[in-house]
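Chemist: Sequence:
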Amino acid sequence: MTAKKILLIDDEPDIHKIAQIGLMLECGWQMLTATSGKAGLSLAIAESPDAILLDVMMPDMDGLATLAALQKNAKTRSIPVIFLTAKAQSADRRRLYGAGAKGVITKPFDPTTLASQISGYLGWSL
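So my numbering is basically just the index in the sequence shown, starting at one, shifted up by 113.
Worth flagging that the hints you see were computed from the coordinates, not collected in a lab.
Some hints here could point you the wrong way.
Heads up, simulated BS3-like pairs for lysine-lysine below, C-alpha to C-alpha not over 25 Å straight-line [stated by the list, open to error]:
#: 1; residue 1: 117; residue 2: 188
#: 2; residue 1: 215; residue 2: 118
#: 3; residue 1: 200; residue 2: 220
Each pair of labels, with its calculated beta carbon distance range [said to hold, decoys possible]:
#: 4; residue 1: 187; residue 2: 118; range: 17 to 25 Å
#: 5; residue 1: 151; residue 2: 226; range: 13 to 21 Å
#: 6; residue 1: 161; residue 2: 204; range: 29 to 37 Å
#: 7; residue 1: 207; residue 2: 143; range: 25 to 33 Å
#: 8; residue 1: 143; residue 2: 236; range: 14 to 22 Å
Since this is a predicted model, take the numbers as computed values, not measurements.
Glycine is no exception: its CB is placed at the ideal position from the N, C-alpha and C atoms.
Based on the provided sequences and hints, a complete structural model is requested.
Modeler: Below, the structure written as structure tokens:
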């Protein structure tokens, strides 16, 4: 199986480190990172990742605005997006799924199960 390429868009550097360790150790996936919605959008266009992990709350361009921009672009609209959020209330989840999310992972997450959570949401085998 070819290693997946995952783009993580999150403004917290610690989240980048934790996720990267989990994905590399668990299944050897490549991880790209961006610290803002705008940078993430540019990277998604340039790299065509297999999936995007997207923080909901970020300064300037939040997760929902970033998802809307991804959906408007022909090069990125088919990339599945899974949100990372500390807000896990059912109303928040409904709003994220309604916007087009393929999954919602609650922060803090367990890095040792991150790849299996992503795979479960997207129907990938590990």
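Chemist: Run through the hints listed earlier and report the numbers of any the structure violates, in increasing order.
Modeler: 5
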